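Chains as they are written, first to last, in this note's numbering: chain F, 1 to 290; chain B, 1 to 418.
These are calculated hints, taken from the structure and not from any lab test.
This structure is a prediction, so every number in the text was calculated from the model and none was measured.
There could be a bad hint or two in this list.
Which stretches of chain B does chain F cover? Using the computed rule of at least three CB atoms under 8 Å from a CB of chain F, they are [stated by the list, open to error]:
1) 116–128
2) 249–261
3) 300–310
Coverage of chain B stretches by chain F, computed from C-beta distances (three or more under 8 Å per stretch; other residues unrestricted) [claimed, not checked]:
4) 49–57
5) 227–237
6) 280–292
C-beta: ideal position from N, C-alpha, C; glycine also.
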Amino acid sequence: MPTEIYLNVAVNGLLTGLVYGLMALGLSVIFGVVRVVNFAHGEMMTLAMYATVVAFASLGLDPFLMLVPAAAALFALGYLLQVGIINPFINRPEHSQFMLLVAVATILVNLQLILFGPDARSVQTSYSFDSFLVGSLIVDASKAYAGATAVLIAGALFAFFRFTVIGKAIRACADNYTGALVVGLDVKRLYALTFGLGAACVGAAGVMLSLVIDVTPALGPAYTLLAFVIVITGGLGSMPGALLGGVLIGLTEALAGLLYTPSAKSMFAFGILVLVLLFRPQGILGKRIG
Amino acid sequence: MTNRKLGGKLPARTSLSRRTFATGLGAAGIVAGTSPFSIVRAQGAALKVGVLLPRSGVQAGIGQDCHRGVEIAGDILRGLDLPPLEIMNGDTESNADVARARAERLIGEGAQLLVGAFDSGQSTAIAQVAEQKGIPYVINIAAAPPITEQGYKFVFRNFPTAPMILTDAFANQKEVFAIAGTAPKAVVFMHVNDTFGTSMAKGIGGVFPKFELPYKIADTIAYDPAARDLSVEVAKAKATGADGLLLVSRLNDAMLLTRELVKQRWTPTAILSMGPGWYEDQYLKTLGKLADGPLSFVPWYDPNKKLSKTLEAALAKAHPGVNLNTNHIFTFEALLIAADAYKRAGSTDPKALADAIRTASIKDNVSIGPGISFDAKGQNMTLKNAALQNRAGKLVTVAPTVAANAKPELPMAPYDKR
């Protein structure tokens with residue numbers, strides 16, 4: 001097999017992995033601060049994908065123009081979910097939180113089925129079929145745009161948490177809940193902001209993924225699972241870990257498909273998860289608790 | 001489940017009771033796809049037919065396309081003076097376990113005959129339930145050979161098995177290459193790894209050597225029918241240096257594969273499909289001129305048959321712009337078989353219905369071949385394939401010569417020159 005094929009496949013896997021990472025970043029941010037696992041994560045992503053598809057089909061809006069509106073809409077949804085539904089469950093047992101968010105996920109899937117039907121829908125822009133030729137390397141243009149945007153958004157999110165007052169306050173809540181209360185932080189509001197930010201992340205990832213894959217309501221649960229695999233591999237609660245996990249899973253799927261058999265792509269991704277759980281349960285960049 | 005009535009003459013009364021209405025209304029959110037109410041006639045009760053299709057999930061597009069065959073069947077069956085059918089819709093959700101549960105539920109709700117389910121895995125599950133419960137089951141589309149090799153007494157298939165499809169496909173390919181004067185030298189065989197895909201892959205090993213085709217199979221690549229990204233698969237196929245693709249795919253993956261071929265700047269000499277996807281309306285409409293060129297070797301309809309023209313006209317009226325295809329043809333014929341059996345059996349007794357199906361001899365039908373009849377295993381062995389090519393958003397028949405309305409165009413036009 002020609003050597004450039006390995007490079008081609010690896011680059012494609014890397015770019016897909018970056019978008020996966022952005023999606024999982026939202027899940028990791030929410031868990032890292034609010035300590036609630038968002039089991040409706042993939043379903044929220046498909047909401048953003050449908051918004052992109054509808055805006056493109058009805059108004060001719062390029063998906064990149066939908067980045068900010070979709071992220072803002074998902075931010076609002078996440079904020080309202082946290083304030084209205086999740087906050088009362090914060091101190092309840094984990095299985096209650098689990099059932100609550102599974103219920104939210106089921107409602108979202110069925111709403112999407114009612115509104116959009118089960119058919120796969122896609123965005124076919126003028127650059128949907130473009131690719132860049134760099135020497136013998138062929139890079140899918142849509143994946144390149146999506147991967148680059150994912151890096152930019154992840155960078156902006158890191159900067160927000162590191163350099164802004166609100167970001168620091170959110171980190172304080174994550175580090176020491178009681179301490180945050182003592183110094184007068186409005187923890188519930190900060191939780192809502194965090195959930196909103198996580199949802200905005202997955203919204204942006206959804207917009208980017210609509211360039212790469214077709215959307216169906218059934219996609220949500222599959223991507224919720226994928227997000228879990230990524231954040232557990234990278235380290236639940238670790239933002240760099242989520243990105244790393246995404247890239248690792250993207251690369252693994254791509255190279256496993258090439259070197260072994262495409263049918264076994266997911267098997268290798270889950271194989272990595274099992275190895276991480278066995279030998280580094282906190283994830284590659286996660287912190288050991290207790 | 002939603003119940004619909006098909007066939008029969010003018011109504012003495014509709015059988016839409018408050019309970020039926022409430023049941024249908026309640027299920028409307030669950031079951032996608034509806035058919036307009038036809039009319040129930042007074043002469044005898046309608047035969048309750050459970051139609052199981054993948055109306056949601058990864059095969060939803062195809063399942064809903066099959067349902068169009070159900071929608072247009074009522075008036076045609078009435079025109080053939082066949083007794084009415086009460087359609088009970090079931091959604092398999094593209095999942096064999098769900099198919100099994102839905103079949104049990106439909107039988108529990110009174111279905112006297114089952115039809116479906118497009119997919120071999122789902123049809124296998126339904127066949128087990130039908131045989132266990134003693135309810136006749138007419139398979140519309142499913143090619144895995146074992147379904148009719150189990151000694152079942154209540155299972156019938158009016159669709160070719162994988163070896164039948166392959167045998168016809170390779171014969172048609174030789175014909176196409178001879179007319180076109182060109183052929184690929186090597187192909188990569190890419191197939192979905194579901195029951196249908198693996199049955200076809202197994203069949204190729206036995207059938208391919210008998211035909212002395214001009215190409216060799218350079219590599220075989222199996223992939224998940226629910227795959228979201230097929231870039232690796234296409235890259236791997238391209239790297240073999242083959243100049244053709246031999247495919248057994250579904251609809252969504254056919255579109256994904258085409259996109260990847262364009263992005264990876266590879267136009268094979270020929271795309272030879274031996275399954276669904278590449279000839280379907282959604283494929284043609286979504287991809288526009290990029291959809292032109294692939295050849296599909298599939299069970300098809302004989303355009304010269306009278307009932308084919310009736311079916312074509314009914315589909316054009318109900319769904320303008322939708323091309324008649326395998327999904328409509330074989331779903332319609334499954335209902336035709338049910339109505340014909342009910343008429344001859346004169347009873348809803350499952351055994352009488354099964355006996356009537358076993359002795360069916362329907363000459364006025366749609367699919368290519370002498371008509372509908374079943375062997376001792378419940379298989380219609382007389383069905384034939386056609387070779388279709390996508391041209392400017394339409395389908396033309398290029399083989400067999402007796403049914404052809406165009407000549408094949410090979411090699412395919414490069415994607416970047418369209």
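Hint by hint, here is what the structure shows:
Counting residues of the region 116–128 of chain B whose beta-carbon sits less than 8 Å from any beta-carbon of chain F gives 0, not enough to reach three: the coverage restraint is violated. Note: the region 249–261 of chain B has 4 residues with beta-carbon separation from chain F under 8 Å; the three-residue rule is met and the coverage holds. Look at the region 300–310 of chain B against chain F: 0 of its residues bring a Cβ nearer than 8 Å to a Cβ of that chain, fewer than three, so the hint is violated. Closer than 8 Å: that is the beta-carbon criterion, and the region 49–57 of chain B has 3 residues meeting it against chain F, so the requirement of 3 holds.
As drawn, the region 227–237 of chain B meets chain F at 9 residues by the rule of a beta-carbon pair under 8 Å; at three or more, the given contact holds. Counting residues of the region 280–292 of chain B whose beta-carbon sits less than 8 Å from any beta-carbon of chain F gives 3, enough to reach three: the coverage restraint holds.
In this structure, the earlier hints numbered 1, 3 are contradicted, and the remaining ones agree with it.
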